[in-house]
Amino acid sequence: MRHYNIMVAGLSILMGGAIFWLSRDLTGFSETGVPGEAFWPSMIAGLFILLGLLQLAEVVFFPSVNAGRTVDLHSAPVRTSYVAALVALVFATIMTWLGFIIGAVLFIPAIMLLMGERRPLLIVGATVAIVAVIWFVFVNFFNITLPVAVFFE
Amino acid sequence: MLKTLGLVFCGMLALGSVSASAQEITYPKKNITVIIPKNPGGGTDTSARLTLEYAKKYLPSGVIFVPENKPAGNGVTGLIEAARARPDGQTLVMTTVELAMFPHQNKSPVTYKDFTGLFAPIADPCSIVVRADSPYKTLQEFVDAAKKQPGELQVANSGTGAIYDLATINMENQLGIKLKHIPYSDGIGPAIASLVGGHVDAVITTPGAAKPQVDAGALRILGVMDSKRFALFPDVPTFNEALGAGTNTEMRAWAAFAAPAKLPEDVRSQLDAAFKAVAADPEFQEAMKKQGIVPGDMVGDDVDAMMKQDHELYGKLIAESQKAQ
Amino acid sequence: MSDLYQALGVVFGYEALLLTFLGTLAGIIIGALPGLTVNMGIALLMPLTFTFQGMGGILMLLGVYCGAIYGGSISAILINTPGTPASAATVLDGYPMALKGEAGRALGLSTASSMFGGLFSAVALVVVAPQLAKVATGLSAPDYFALGVFGISIITSVSSSSVIKGLIGGCIGLFIATIGLDPMTAGMRFTFGSYYLMGGISFVPILVGLFAFSQALLGIEENWIERRQPGGARKVTARISRLLPSWADFRRVLPTYLRSSVIGTAIGTIPGTGGDIASFISYTEAKRWSKHPEEFGHGSIEGVSAPEAGANAVAGGAMVPLMTLGIPGDGATAIMMGAFMVQGLSLGPLLFTEHPVEVNTIFIGLFLANLMMGILGFSGIRIFTRVMAVPRQILVPIILVLCAVGSYSVNNTMTDVFVMMIAGIFGYIMLKLDFSMSPIIIGIILGPMAESNLRRALTMSDGDFSIFVRSPVCATFLTIALLTLFLPIVGPRIKAWWRLRGGNTAGDPSAGV
Numbered sequence: 001m002r003h004y005n006i007m008v009a010g011l012s013i014l015m016g017g018a019i020f021w022l023s024r025d026l027t028g029f030s031e032t033g034v035p036g037e038a039f040w041p042s043m044i045a046g047l048f049i050l051l052g053l054l055q056l057a058e059v060v061f062f063p064s065v066n067a068g069r070t071v072d073l074h075s076a077p078v079r080t081s082y083v084a085a086l087v088a089l090v091f092a093t094i095m096t097w098l099g100f101i102i103g104a105v106l107f108i109p110a111i112m113l114l115m116g117e118r119r120p121l122l123i124v125g126a127t128v129a130i131v132a133v134i135w136f137v138f139v140n141f142f143n144i145t146l147p148v149a150v151f152f153e
Numbered sequence: 001m002l003k004t005l006g007l008v009f010c011g012m013l014a015l016g017s018v019s020a021s022a023q024e025i026t027y028p029k030k031n032i033t034v035i036i037p038k039n040p041g042g043g044t045d046t047s048a049r050l051t052l053e054y055a056k057k058y059l060p061s062g063v064i065f066v067p068e069n070k071p072a073g074n075g076v077t078g079l080i081e082a083a084r085a086r087p088d089g090q091t092l093v094m095t096t097v098e099l100a101m102f103p104h105q106n107k108s109p110v111t112y113k114d115f116t117g118l119f120a121p122i123a124d125p126c127s128i129v130v131r132a133d134s135p136y137k138t139l140q141e142f143v144d145a146a147k148k149q150p151g152e153l154q155v156a157n158s159g160t161g162a163i164y165d166l167a168t169i170n171m172e173n174q175l176g177i178k179l180k181h182i183p184y185s186d187g188i189g190p191a192i193a194s195l196v197g198g199h200v201d202a203v204i205t206t207p208g209a210a211k212p213q214v215d216a217g218a219l220r221i222l223g224v225m226d227s228k229r230f231a232l233f234p235d236v237p238t239f240n241e242a243l244g245a246g247t248n249t250e251m252r253a254w255a256a257f258a259a260p261a262k263l264p265e266d267v268r269s270q271l272d273a274a275f276k277a278v279a280a281d282p283e284f285q286e287a288m289k290k291q292g293i294v295p296g297d298m299v300g301d302d303v304d305a306m307m308k309q310d311h312e313l314y315g316k317l318i319a320e321s322q323k324a325q
Numbered sequence: 001m002s003d004l005y006q007a008l009g010v011v012f013g014y015e016a017l018l019l020t021f022l023g024t025l026a027g028i029i030i031g032a033l034p035g036l037t038v039n040m041g042i043a044l045l046m047p048l049t050f051t052f053q054g055m056g057g058i059l060m061l062l063g064v065y066c067g068a069i070y071g072g073s074i075s076a077i078l079i080n081t082p083g084t085p086a087s088a089a090t091v092l093d094g095y096p097m098a099l100k101g102e103a104g105r106a107l108g109l110s111t112a113s114s115m116f117g118g119l120f121s122a123v124a125l126v127v128v129a130p131q132l133a134k135v136a137t138g139l140s141a142p143d144y145f146a147l148g149v150f151g152i153s154i155i156t157s158v159s160s161s162s163v164i165k166g167l168i169g170g171c172i173g174l175f176i177a178t179i180g181l182d183p184m185t186a187g188m189r190f191t192f193g194s195y196y197l198m199g200g201i202s203f204v205p206i207l208v209g210l211f212a213f214s215q216a217l218l219g220i221e222e223n224w225i226e227r228r229q230p231g232g233a234r235k236v237t238a239r240i241s242r243l244l245p246s247w248a249d250f251r252r253v254l255p256t257y258l259r260s261s262v263i264g265t266a267i268g269t270i271p272g273t274g275g276d277i278a279s280f281i282s283y284t285e286a287k288r289w290s291k292h293p294e295e296f297g298h299g300s301i302e303g304v305s306a307p308e309a310g311a312n313a314v315a316g317g318a319m320v321p322l323m324t325l326g327i328p329g330d331g332a333t334a335i336m337m338g339a340f341m342v343q344g345l346s347l348g349p350l351l352f353t354e355h356p357v358e359v360n361t362i363f364i365g366l367f368l369a370n371l372m373m374g375i376l377g378f379s380g381i382r383i384f385t386r387v388m389a390v391p392r393q394i395l396v397p398i399i400l401v402l403c404a405v406g407s408y409s410v411n412n413t414m415t416d417v418f419v420m421m422i423a424g425i426f427g428y429i430m431l432k433l434d435f436s437m438s439p440i441i442i443g444i445i446l447g448p449m450a451e452s453n454l455r456r457a458l459t460m461s462d463g464d465f466s467i468f469v470r471s472p473v474c475a476t477f478l479t480i481a482l483l484t485l486f487l488p489i490v491g492p493r494i495k496a497w498w499r500l501r502g503g504n505t506a507g508d509p510s511a512g513v
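Protein chains in written order, with UniProt numbering: chain V, 1 to 153; chain E, 1 to 325; chain H, 1 to 513.
If you are wondering where the hints come from, they were derived from the structure by calculation, not from laboratory data. Heads up, the beta-carbon is just placed ideally off N, CA and C, and yes, glycines get one too. Some hints here could point you the wrong way.
Mimicking DMTMM-like on lysine to aspartate or glutamate, the simulated pairs with C-alpha atoms at most 20 Å apart in a straight line are [as the list claims (entries may be wrong)]: (1) E:Lys323 <-> V:Glu31; (2) H:Lys134 <-> E:Asp133; (3) E:Lys289 <-> H:Glu354; (4) E:Lys148 <-> H:Asp462; (5) E:Lys290 <-> H:Asp464; (6) E:Lys180 <-> H:Glu354; (7) H:Lys432 <-> V:Asp25; (8) E:Lys57 <-> E:Glu24; (9) H:Lys134 <-> E:Glu24; (10) H:Lys432 <-> V:Asp72; (11) E:Lys180 <-> V:Glu31; (12) E:Lys30 <-> H:Glu354; (13) E:Lys147 <-> H:Glu354; (14) E:Lys323 <-> V:Asp72; (15) E:Lys276 <-> E:Glu250; (16) E:Lys178 <-> V:Asp72; (17) E:Lys178 <-> H:Asp462; (18) E:Lys262 <-> E:Glu250.
Far from chain H, some chain E residues (derived; all Cβ distances over 10 Å) [what the hints assert, rightly or not]: (19) Gly42; (20) Leu50; (21) Ile182; (22) Asp215; (23) Ala287; (24) Lys290; (25) Gln291.
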């Protein structure tokens, strides 16, 4: 936990600095003292830095607060989740170009396989059912247009 | 389920109106997509959908209008998408007056030149509204008060750089007064609420938006920025009438159907004819009036002309407002 | 009186009853699906009302409105995913209850509190609408700013383990909300030349990502662990012994119901604020006044009731300015306004004299919609809880696909889907690092309100900061905000110190901060 908390503190301070840097071209106070575009972001940036320092202070001076807590960002189950996130991003990309149905028909089995489901009938059945129900509810019931493949246009 | 129910009702409506023939649109082979670059349920969206409701009877059977709301990026992404669509009449878009403003504010890469204007169901003028119990009975009194105390009168609008703000700037330029602009970026509703509550002195908006309060005697419209009076409030003078020559401006909050530029002539004439028939439809006019909108009748070249005229007007205004800052 | 009878005739006509029922049902489904919000539900079904003559369409929309606010709590309790922003606070105690096997009890309580809040606000609308209307126009920019700051100060009360991280989360939310056009000058902030970013990052995809997508990733991780443990399959059973809350539960949460309903009605009345804010404020106030504040966050029955009563009470409150002034009280009523106008109802002060039958129809319709919502909710609890029995391998893909479809339909753009997924991945990592998601959401919701009203107030006063202490409303809210911000941090320490010094004040019941 300890070094992750230091990292959080560092990122917070960095974020504050980044916001300060990005808002350098925004208008500050007007001549009458009315705050401009940069006022609110600078305040947020200041808070980021302050909170980062507080977090750092907590790690250094009050280590007991987080004693015994651990953070797991690397173990095998967590890595499986990362893979799933990646698969989801691929799904979104496919959905952009080949439409919702093709994307979902590939995506749902991929996630089910990733989660250890091996029965082919269940995978196919679930995929067809999920896609059909979602298509019906969204497209036929709520009249929402879902993306279709570019070559069907 | 709901859709079927709706269809039954539509069918009942359609039975009453099978007289259309000359305005038939024949070109579409599939559904016509209508991009609405505004949030669903907003004023632009409602009037667009309402217009389509009355236009759909001119479509060949089996083809419908499919409205798609694309409000991302303040609607600019929707405009870009429509401008880049194939100009075959299969994709239409509901443009708004922002198309004439955004290009000058560096907010939009597309201008009126990328579109073919078809039909403007709304072109309501800007107007200045005060509380009914405010000391300003006429526009002249308001202007005199503003001259006496420059920069003191608080005028609410719907966001800096939006049409009502530019209308305020235009007023300041023409009348030589200075007002305090109070932007309400979350829409004109909160601005009117704060006028009713007495937190600001005036609001610039369309007469329709203030109609409920005006009818109830809580607010008063001092004048409209148009060359003719507003049909729903025939007693309200135009700026020109109230203040004399030199204040003759047309500041209109319009929304217009458009297609991508370079639309084939036959497609365009079909759409124009159909929209002309919609504009003349008394049921359509009635439906728009219920919304507090005076139904527009600008079709075809008139729309193009208005888009061009406003593009130049706002270009000038925005340049001036940026210089002033 | 004849107006009332006529209105009763309209509402209890065969067609109107059917439409209200269908609207409520559709609303509950829309609300329960992540990504489809109350506002969207109403916008989606509004075009249908163009084709209905008379009040039928409006009754349907009232059903959608009430149903959708309630529907969000179902997914909040069962799968830790708020179906609508108004249910983001319900997650805090609803899901812990479901994990304890009390999903049925939680749903019963949330259904009862939704109905209570909805009916309470309907009564308020009928009885004190003209007085409430003064609240709607009485607040000026400094007051709105103070209200926004008060809302943001809640962050310390909803941060689960680390207050500092909660506040950092709040800052992240505040920063996300600054991206796009500046609310006052319309200049561009942090847009990097992108037209998508110009309109700001859409809120709903972020909400869906942070709660639902990250939750699905957690589900995959837990699934991995369980499969490798002998007999470790997930066993969260939802025993349902009763549908209605027990008398003991009801007596305990009744004060919470009342308090939240009052808060919700008031927040609904104020234009520009809606169910999302009302539910968080209701939650914090419930915690502040509870006799068991330590239970909050671990499945408190008051914690699951407060946000729902508050969010549903917004409905009646938001109708107040809409009907009396023609100014919508929240986003949903802003959309409904169009439907009212299509039917020829000019909203505003004259509505009550010009259309008395329609006004009564809306009143009765609102009662009816809330009752139907309650009936549908209670009779659905057994079906809803089946979700808990769906195997993870099927539930997780469903949630992931729904996240994508829901985010897409917000703006009909794939960009939002990517935004949702990236937010979800960040949310997952932040959950691992002890961050909570609610502060981020609060920051996004309230940041723009606080900022634009701060600057609007200072524009009005020419930069004079004393405008914030001159208004009593503003000064009061700012004081409460300070207390809300610091009491959860200092409160326990003061209590401990007090106990050390006094020694014998152990049984001090008033220290329930």
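Quick rundown of the hints versus the structure:
| no. | hint | result |
| --- | --- | --- |
| 1 | E:Lys323 <-> V:Glu31 | holds (16 Å) |
| 2 | H:Lys134 <-> E:Asp133 | holds (17 Å) |
| 3 | E:Lys289 <-> H:Glu354 | holds (17 Å) |
| 4 | E:Lys148 <-> H:Asp462 | holds (18 Å) |
| 5 | E:Lys290 <-> H:Asp464 | violated (43 Å) |
| 6 | E:Lys180 <-> H:Glu354 | violated (37 Å) |
| 7 | H:Lys432 <-> V:Asp25 | violated (36 Å) |
| 8 | E:Lys57 <-> E:Glu24 | holds (8 Å) |
| 9 | H:Lys134 <-> E:Glu24 | violated (52 Å) |
| 10 | H:Lys432 <-> V:Asp72 | holds (7 Å) |
| 11 | E:Lys180 <-> V:Glu31 | holds (14 Å) |
| 12 | E:Lys30 <-> H:Glu354 | violated (45 Å) |
| 13 | E:Lys147 <-> H:Glu354 | violated (41 Å) |
| 14 | E:Lys323 <-> V:Asp72 | violated (56 Å) |
| 15 | E:Lys276 <-> E:Glu250 | violated (23 Å) |
| 16 | E:Lys178 <-> V:Asp72 | violated (62 Å) |
| 17 | E:Lys178 <-> H:Asp462 | holds (14 Å) |
| 18 | E:Lys262 <-> E:Glu250 | violated (28 Å) |
| 19 | Gly42 | violated (8 Å) |
| 20 | Leu50 | violated (7 Å) |
| 21 | Ile182 | violated (6 Å) |
| 22 | Asp215 | violated (5 Å) |
| 23 | Ala287 | violated (7 Å) |
| 24 | Lys290 | violated (5 Å) |
| 25 | Gln291 | violated (5 Å) |
In the structure shown, a violation is registered for the earlier hints numbered 5, 6, 7, 9, 12, 13, 14, 15, 16, 18, 19, 20, 21, 22, 23, 24, 25, in ascending order.
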